[in-house]
Structure formats: structure tokens, C-alpha cells
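Trainee: The lines below spell out each chain.
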Amino acid sequence: MTTTRRAIESRLEEYGRRARHKALVYLDGDDDGEYLRTPASDYLLRPGKALRPAMCLAACGAFGGDPDRAMPTAAALELLHTAFLVHDDVEDDSDLRRGLPTLHRRYGRAVAINTGDGLIVYAMAALDDNRSLLGRRLAARLAGEFQFMARQTVEGQAMELGWQRRGRIDLTPDDYLDLIMKKTCWYTTVLPLRAGALIAGRRPDQLAALVRFGFFLGAAFQIRDDVLNLVGGERYGKEILGDIREGKRTLMLIHLLTAASPGERRRLQRFLRLAPGERTPPMVEEVAQMMHRHGSIAFAEEFGRGIARSAQVAFEEAFGAVPDSPEKRFIAELVPYMVERDR
Amino acid sequence: MTPADDLARDVQMYGALSAASVVARYAAKVDTAMASVTDDAWDPTVIASMAVFARETIGPLFEPRSRPERVVLPAVIAGETSAGSLWLHDPGPLPGGRLELSVSPLVSGRGDVIPSSALSVSPRVVESMAAGGRQEVRLAAAVPFGQAAGWYHGWVFLITAPDEPVAVALRVEEAGR
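Residue numbers (this note's numbering), protein chains in the order written: chain A, -6 to 336; chain B, 16 to 192.
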């Protein structure tokens, strides 16, 4: 691992530790803890990347604000992200999350779904703290930003599930980018950056550049995530080839549907018409081999690199006029990290 | 540069252009949504209401999704010409008094290219448009003989509005199908 990558991961861990500590405070309640707090804290106590709170706290610092004032917002992001993960794992019937069994494997589907709901309520409580900390006006603005983000995320998730349910195979890379803008980027990068900037005192009319930077960064992140699902090593922590088994319309699958021979395309279509439980490991492996053979993974990596280049340009647009600081350097270094990370 | 470098560069450019198109739409969308967030219109206690949260987040799932501006030309086989229209709607005062158009090469997922020289837009220059009016622009692609089958993608650029390209897609089918 390079020194820069180690430094970024160490910084992510520090931001994550602070945000998770704050998030766990919101789990305190009147119940005895066993039925809700214990499963709700499960994922929070597993080491994740903590990218979302890190982006929020770093953006706040880079724009000259006090990151402590962004802490409830960072905690809300981590809680909401955790809720999405719990529900995603149920929807995808995934086995592993951060190297350990998923919540529904550990506690059952009913507890997992209720825990996800609970985490959303905790996130709203964290956001509500902004009223006393930041004032009514800014708290209202942040609540609006969260609501817009939540809409995008659930619409994106619905789109992905709909594509799978309807067996869509006529998708293009543009459709994929549209999906990940909604499903991933808004809550992973765009909102955290905008929220951090607002808390630091940036005016709303200064936020457009952060949408561009956030999307390019988030798209590079998601494409790398999809590639790692095919080629990830022992640090990856999720089920390798799980995306193929679930029939996810990744950039690699979209490319393969175009590049495959007519015979291979027919086999792929038959594979995608099966329910996830009917897709056997040899079938999944065959699709992965086709992706290797037809250059679908290399295509996705180059496509992602092009977007990462745009992110570097957009970073200058968003942060160019801001004085140098460790937070600004951290955000700048996230761009190459997103394309090269191995977990 | 080797052919592999060329291909990698083209795919990177494809990614960058596609992403630029998506983000332009969403930047406008969030500005519109946030314009309604004012002190008077928003009380933060709303976030404590599960009912409001559910209505606002789940409701849009049942609304039709708007499609991006995109032109899909009729599928053809190599050696044939495909043509279609895109419509420019009154963009307000034209920058420099006119609107110029150009079209990028069309690139497939495998890196095959239909060059700009095989593509045409007509008219290339729009000198004026009536307020509230619209202008048809014809787009034609003469697919060279021997062109590989597959989906090809590219852009029509409004030179005076470079951040609003229009995506173009064309499927070249295998001969004999």
C-alpha cells in the first residue's frame, strides 16, 4: 500500500471513528437495548470506509468552518447510510457485509427491516439537533438537502430493482450513470460536500460546483466498487461476484451485452431471466469469464478513469480559491484513491 | 500512442462526456428543488415526522421519470444511412446571435468508431428562432461498409452552449438479420 493511500485510509478511520461515536449516542433510548440498539449498532461497530461523514467534515474544514458544528450532520449521514445498507442487504439477500454475516443473516429479516427503519429515525433525530447548534434557517436548509437526497436514493434503488425485475437488457452507460447519480452519488458524495460547505458558511449559490465534483467522484467510487466485486482481494469484505449473481446492471454487464457474440448474448439473457437463487456458481463464473474475455472490466476501468479526470478538474473549480489545508488536500487525494482502492 | 492507448483515451473521453451530460441535468434539478426551501416554507420539525418523510420519499416512486434529452437513430446495417431529427426549443436570445451545431464521432462500447465525416447535421447554423418557436435539426449517419455491429454513442454539440450536448445513439445491426 502506498504512503498516500495509507494516509487517506488513516484519515478516513479518524473521521469515521468520530462520526460513529456521535452516531451511537443517538441510539440511546428507553428500551432495554437488546431488540433495537444491539442490531442497530452492529454495522456501526464494524470498520467501514466512513466516506460520507469524512467528506462532510473535511468539506466543512476546507471551507473554513468548524467541523465540530458538522458532527450531528455527519452522524445523520452515517446512520442513514447504515439504514440503507441494512435494507439493501435484505433486498439483495446478501451474505456478507464488511467481512461478517449481514444483519438479516444474523438476526432474521424482520428484525433487520425494523432495524433499518429505526436507523432512519435515529438519523432524523441527529438532524434535528442542527436546530439548536446551527440555527433554524441553516437547519431548515440542511433538512431540505437531506430530503432531496433521500428522494434521489430511493428512486435510484427503485430503478435498479425495476430493471432487474423487468429483465432490462437494452441499457446504455448513460442509463448506468443516471442510476448511480441517484442511487449512490447523491448521498455518498454530493450531499456530504454540500452540507459541509453550508455549515462552513458557503452561500447556496456557491454549491453548484460541488454537485459536479461530487458526482464525478461518486461515479468513480461506484464504478470501482463494481469492479472490485469482480476482482476484489481479501480486503474487499463483500461477496465476490455477488453483483453478477444478483443480476445488477453494472457497467461491465451493460458492456458485455453489447460486446458478446449472438450465442453468448442468448446465454446471458437466459441467465438474467433466472431468479437470483437459480443462478448457480458455475453460471456466475461463466459470466465473469465472459466479462474478462470481452474486455468489459477494462472498459469500466477506463470509463471510470475518464470520470476521475473530470473530478480532478471539478475539484479545482470547487476548491481552487480555498486556502490550502489538510482537509483540502485530503479531499483532493480522494480522487486517485477512489480509482485505485482495493476495498 | 499505441492503438490500445487510443482506445483507452476514447473510452475515458466517453466516460467524461457521459458524466458531464448527467451532472448538468441534476445540477439544475437540485437548484429548482432547493429554491423552495425558505425560512417560511420550511420548519425543521418536519424531519421529526415519519409520515411526512415517508410521503415525500416514497411518493415519487410512483411518478413517471423524465427522460434525458437523447436521439436514438433507426437501426441500420453497415453501408446504410440512418437519419432522424432533434428539435431545438426556443433557447431565448441566441449567444452571438446564432446557434452552431457539430456532431462528435460515434463510439461503441468496444471502441469501434463511426467518424464525424460519416455524420451530418442540417442545418449546421441556426441564425434565428422565433420566441417560443422550435427548429428541427436533421441528423444523418452514413454507416461505412464493414462497420462492426453494436450500439454506438456520441453527441451533438451546440457550440454556443457547450455544456448542453444532446446524446445520440445508433444501433448497427449484423447484416442478414
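Just so you know, these hints were derived from the structure itself, not from any lab. This structure is a prediction, so every number in the text was calculated from the model and none was measured. Ideal Cβ placement from N, Cα and C applies to all residues, glycine included. Wrong hints could be hidden among the right ones.
As the list claims (entries may be wrong) - Take a look, some chain B residues computed to stay more than 12 Å from chain A by CB distance:
1. Ala35
2. Glu95
3. Ser117
4. Ser123
Stated by the list, open to error - A partial selection of chain B residues facing chain A, derived with a Cβ cut-off under 7 Å:
5. Val26
6. Ala31
7. Val141
Trainee: Is the nearest Cβ of chain A still more than 12 Å from the Cβ of Glu95 of chain B?
Mentor: 19 Å, holds
Trainee: Should the hint that Val26 of chain B touches chain A count as held when the rule is a Cβ pair under 7 Å?
Mentor: 4 Å, holds
Trainee: Does Val141 of chain B hold up as a contact with chain A if the rule is Cβ-Cβ below 7 Å?
Mentor: Violated. Min distance 25 Å.
Trainee: Measuring Cβ to Cβ, find out whether Ala35 of chain B lies farther than 12 Å from everything in chain A.
Mentor: 7 Å, violated
Trainee: Quick one, is the Ala31 of chain B hint okay against chain A at 7 Å, beta carbons?
Mentor: Given a least distance of 4 Å, the restraint on Ala31 of chain B holds.
Trainee: Non-interface claim for Ser117 of chain B: all C-beta distances to chain A beyond 12 Å?
Mentor: 20 Å, holds
Trainee: Does Ser123 of chain B clear chain A by more than 12 Å, comparing its Cβ with all Cβ atoms of that chain?
Mentor: 7 Å, violated
Against the hints set out earlier in the document, violations occur for numbers 1, 4 and 7.
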